[in-house]
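> Counting from 25, one number per residue, gives the positions in the sequence shown under my numbering.
Simulated from the structure, these hints should not be mistaken for laboratory data.
Remember, it's a predicted structure, so these values are computed and weren't measured experimentally.
Backbone N, C-alpha and C define an ideal beta-carbon position, used for all residues, glycine too.
Keep in mind that the hints are not guaranteed to be accurate.
Stated by the list, open to error - Between beta-carbon pairs, the in silico distance windows are:
{"hint": "1", "residue 1": "ASN95", "residue 2": "GLU45", "range": "31 to 39 Å"}
{"hint": "2", "residue 1": "GLU54", "residue 2": "PRO27", "range": "24 to 32 Å"}
{"hint": "3", "residue 1": "GLY71", "residue 2": "LEU92", "range": "25 to 33 Å"}
{"hint": "4", "residue 1": "PRO60", "residue 2": "TRP32", "range": "13 to 21 Å"}
Unchecked claim - Once the Cα atoms are required to be at most 20 Å apart in a straight line, the calculated EDC-like pairs of lysine to aspartate or glutamate come out as:
{"hint": "5", "residue 1": "LYS52", "residue 2": "GLU94"}
{"hint": "6", "residue 1": "LYS52", "residue 2": "ASP72"}
{"hint": "7", "residue 1": "LYS59", "residue 2": "GLU38"}
{"hint": "8", "residue 1": "LYS64", "residue 2": "GLU54"}
{"hint": "9", "residue 1": "LYS52", "residue 2": "ASP42"}
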Amino acid sequence: IPPLSPSWREDMMEAYLDEIEDDALAEKLEAALDKPDPVKAWNAIVGDDPDWTRFLRMKTRQRAEEWLREN
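Based on the sequences and whatever the hints tell you, model everything.
See below:
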């Protein structure tokens, strides 16, 4: 399975914004996407938040399963 690109991770961060009900948190995370290193800025805000971790793992697994089906 090829490594996931930084742009894929940024796409997942944007997708996660739709899942957040806390408007203040969503605004902070959206602002993090505009930083020079959005992943670092994002992680500084959410850290090991279980919801984010679960979401990212689910999306990573889906991507891996898609790749396996295609190949």
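> A range of 24 to 32 Å was offered for this pair. Does it hold for the Cβ distance of GLU54 and PRO27?
With Cβ atoms ~26 Å apart, the hint holds.
> Could you tell me whether the CB distance from PRO60 to TRP32 stays inside 13 to 21 Å?
holds (19 Å)
> Given the hinted pair LYS52 and ASP42, is their alpha-carbon gap at most 20 Å?
holds (13 Å)
> Between GLY71 and LEU92, is the Cβ distance one that fits in 25 to 33 Å?
Between GLY71 and LEU92, where Cβ atoms are some 30 Å apart, the hint holds.
> Can the restraint linking LYS59 and GLU38 be considered satisfied, given a maximum Cα separation of 20 Å?
Roughly 14 Å separates the two Cα atoms, so the pair holds.
> For the pair we were handed, LYS64 and GLU54, check the Cα-Cα distance against 20 Å.
Holds, at about 13 Å.
> Compare the distance between the alpha carbons of LYS52 and GLU94 with 20 Å, and conclude whether the hinted pair is satisfied.
Given pair LYS52, GLU94 is violated - Cα atoms ~36 Å apart, limit 20 Å.
> Between ASN95 and GLU45, does the C-beta distance stay in 31 to 39 Å?
holds (37 Å)
> Starting from LYS52, check that the Cα of ASP72 is at most 20 Å away, please.
Within the cut-off at roughly 16 Å; holds.
The earlier numbered hint that this structure contradicts is number 5, and it is the only one.
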